[in-house]
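2 protein chains.
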Amino acid sequence: MMTKLLQFHFMRNSCILLLFTLLLNQLVSAQSAEVLTIRKHGAKNADVVMKEFTEFLSLPNVAADPAGLQKNVAFIMAMMNKRGIQKVQLLHASTNGVPPVIYGEVMVPGAKQTLIFYAHYDGQPVNPEQWAKELSPFEPKMFSKAIDKAGAPIASPADGIYNSEWRIYARGASDDKAGVAAILNAYDAIKKTGLTPGCNLKFFFEGEEEMGSPHLNEILEKYKSLLQSDLWIICDGPVHQSGKKQIAFGVRGDTHLDLTVYASKRPLHSGHYGNWAPNPALRLVKLLASMKDETGRVTIKGFYDDVTPLTAFEKKSLNEVPSVDEQMKNELGIFAEEMKGTTLSEAINLPSLNINGILSGNVGKMASNQIPTQATTVLDLRLVLGNDWQRQQQKVIVHIKSQGFFVTGNEPTDAERAKYEKIIKVIPGEDGVNAQRTSMDLPIVQKVIAAVKTTTNEQVVLQPTMGGTLPLFVFEKYLNAKTVTVPIANHDNNQHAENENIRLGNLFTGIETMASLMLIK
Amino acid sequence: MMTKLLQFHFMRNSCILLLFTLLLNQLVSAQSAEVLTIRKHGAKNADVVMKEFTEFLSLPNVAADPAGLQKNVAFIMAMMNKRGIQKVQLLHASTNGVPPVIYGEVMVPGAKQTLIFYAHYDGQPVNPEQWAKELSPFEPKMFSKAIDKAGAPIASPADGIYNSEWRIYARGASDDKAGVAAILNAYDAIKKTGLTPGCNLKFFFEGEEEMGSPHLNEILEKYKSLLQSDLWIICDGPVHQSGKKQIAFGVRGDTHLDLTVYASKRPLHSGHYGNWAPNPALRLVKLLASMKDETGRVTIKGFYDDVTPLTAFEKKSLNEVPSVDEQMKNELGIFAEEMKGTTLSEAINLPSLNINGILSGNVGKMASNQIPTQATTVLDLRLVLGNDWQRQQQKVIVHIKSQGFFVTGNEPTDAERAKYEKIIKVIPGEDGVNAQRTSMDLPIVQKVIAAVKTTTNEQVVLQPTMGGTLPLFVFEKYLNAKTVTVPIANHDNNQHAENENIRLGNLFTGIETMASLMLIK
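Sequence lines, in order, name chains V and Y.
The numbering used here numbers the first residue of the first sequence as 86 and each following residue consecutively.
The numbering used here numbers the first residue of the second sequence as 86 and each following residue consecutively.
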């Protein structure tokens, strides 16, 4: 949600009104003078920010396109050099071809603390056919509002005045090129407005986050001394669904299982063999149906057993999180939550099992009367504090076996087909990430909370756990470092799916948020 | 399965061996002199037949490509004209753009009976990505045997000698361009060997069979007098899995339901919403899982109630059908049949419910951590005598409602989303086809059985019901005509799926089968 000032400005107000509102804000709000200075600069320079950001979004950033990722790396390095950031360099894993981390730093004379700002430049895979017909993942386009709410295309404004409700659509727009852009533009604004950072700043932009950060541990270990800091600021994920800013002190963990159920070795005509030859899709749906009961709870033995309960303080913060359940149900067109009586905030603090995708045969115009040879699904397991990702995978595998399946890691052999009625290939994801939580009581964390509060008149929501998974436990493991997540994207950004977008108001207030942190003394 | 003669010939025997075998066959077998003449001609002219057939297969024949279907029409008319078939013409439906039927006839002086030969030139939809990498649906390629049994590519033989085990891969290779080719080459062989058909011949090649023949009824009614006959010979589908020839006196009926379950209006991040937002794939798998019990029987109320039991004579024929259950389980890599203790022959005489396809989100490399917005499935319902396709659809819909779903024919509105927890769009197929059965006791049907027996030393399998669905009931309804199905394709032809193929031995013995019928007096 935009502050009033920015809304007014975007509504083509006059300079007089702008100044008046600036003064008014200073008188009545918790917002600091520095933040208002940054805001004014942001409004004036919106065109420059947007031009650079649009160019950034036009660079493909998926793992399947290493050349595209390289272009992102070069672009970000140029952004950093242009801003006079020092020691701009690439941090490489030992394996060739791994997208590097981009590092840089700003040492402030007399500063006693160091904050390191994290964002990632890689994006989730894209299936362009699933995007709205007027969109293409790497041809960023601006719309007057969300396209599913009748947003219309908008050209770059000749007067350089952008409306906070406008959105840019592209893969990475919110997850997480917005993070990179907010961090670097915050530093730029501090510098250009003559302010000085209150602490030393380090910048760390990762290129494998959407792959589960397989080389992050290695890089942290290798560059341990370079990466020393008092706190990592993770700029990724969405703000609260109410539009209020939020700080998250932990994240859900995540792991996957790929399952493939086999039936006949070749596809069969459903007329000649239907009823007699087993159908792999039926076998898979029976298996998946056995994993949750009618109340939406996972029925896999021990699924909830390892969970570390929330402390009293965490429960209190959770209770103060504004309820968005009814708003979200209405917005999403959902009649009821999956687990009756469990709020969204509560649900995020429980491990989950989600069907990311299921496929067997064809549907729609491609459908044909066949019994498919196999049926595949990808299960996503989100984890909370106490869960271990490999232990959680094993619980699912034990359940699959309890349903009468022979579990293999390969395509079944003829001998296996002759021996077992129900055969499933299970490929457990090797890139699991455990959940993590940082204490809200640390002095540096208290400063972060106070800083974000200087940017808004509204409540700053404090979340024990964010839904999104970031590899935060590795910072603790390899650097003994603490992390706090300060997200900026709008909650309805479609991250990880088609039609990803960022609301411009979120990008610009995100710059203010990052700047407030850089001013911490 | 090839007769010995053709096998020998294909094994590059000498002319002397060929003649000797011809004589031997005449002495010891039930095979008629006429059939042996046709066979000899077929072996000599294999190159001509194969060249024409390959060209035919290279013409795309899917409903989505009307121009491709037109090329097939022109090609078949040219085939018929070249063979001196009379009154070659197109039978059109009243609607523009409907693929026409191609008709032709041969009136034989003194003939007392008329047989009309049916095949279809359209094919099932193709998804080229699902085909083996060395194949393309409309670039016919020859292999030494089935490619899933390590068949190697084969060029056209310079000496014109083809092996019966070789296969041609292309959409329509077996279903049902092989039918068109067998019928027209049978007539060609009769003519070129100086034989005379024993009855009047009519030819009827349809172009909408894979669409469920939506205009067949109209065309039969419009051209009623032209299409008078004593019996329709339907050349479509596979021979018995044992390789023995077979005649089928009925077919399963068929109908469909397209189901789409809805959840959130936009895709959601499984970390931020997983556990709280309902997953449409989970809803769909629970629904589908409720449709069959652990013994493979459909649990939908009344699903088996309408079935007309087999007569004593039909049961006797069914008992004489060679059991292929163990062979097929072995060949298909299946441990057990879906309904324990029910043989393939028995299963085909029961209505079935098959999941043709299911899709939600993405799997494999395209998978992402999202809760999809919808989940779709296509259900195929096969029918037997007594079932009515619309009644059968209704049973499924009643079951879906009993599982707590609100059933709609459209995308759900916001009001519906706010009112109903479980929402499903059900699109019942409008092109259902009921099952059909012709009595084995009719004199003309007895002649057909006797004719096919003249082409082989082996048992001719008599099936009360074939698994494949053909719109046979419409012939009875609009023309008061009887039908008998005489298939020729190999059973492992992958019809309706990727990698469709025909075994050359089946094409050539198919020509003999069709010729034997044309010689009926």
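In case anyone wonders, no lab produced these hints; they're calculated from the structure.
Since the model is a prediction, treat every value here as computed from it, not as a measurement.
Please note that the accuracy of each hint is not assured.
[What the hints assert, rightly or not] Reference listing, derived: stretches of chain V covered by chain Y, where coverage requires no fewer than 3 residues with Cβ under 8 Å from a Cβ of chain Y: (1) 271-281; (2) 345-354; (3) 439-450.
[Stated by the list, open to error] Over 10 Å on every C-beta distance to chain V, these chain Y residues come out as not near it, computed from the model: (4) Thr122; (5) Ser229; (6) Arg337.
[Stated by the list, open to error] Which residues of chain V face chain Y? A few of them, derived with a C-beta cut under 7 Å, are: (7) Pro210; (8) Gly359; (9) Ala374; (10) Ile419; (11) Phe420; (12) Ala421; (13) Ser453; (14) Lys538; (15) His581.
All residues carry an ideal CB built from backbone N, CA and C; glycine is no exception.
Results for each hint:
no.: 1; hint: 271-281; result: violated (count 0)
no.: 2; hint: 345-354; result: holds (count 8)
no.: 3; hint: 439-450; result: holds (count 12)
no.: 4; hint: Thr122; result: holds, 33 Å
no.: 5; hint: Ser229; result: holds, 18 Å
no.: 6; hint: Arg337; result: violated, 5 Å
no.: 7; hint: Pro210; result: holds, 6 Å
no.: 8; hint: Gly359; result: holds, 4 Å
no.: 9; hint: Ala374; result: holds, 4 Å
no.: 10; hint: Ile419; result: holds, 6 Å
no.: 11; hint: Phe420; result: holds, 4 Å
no.: 12; hint: Ala421; result: holds, 5 Å
no.: 13; hint: Ser453; result: holds, 5 Å
no.: 14; hint: Lys538; result: violated, 24 Å
no.: 15; hint: His581; result: holds, 5 Å
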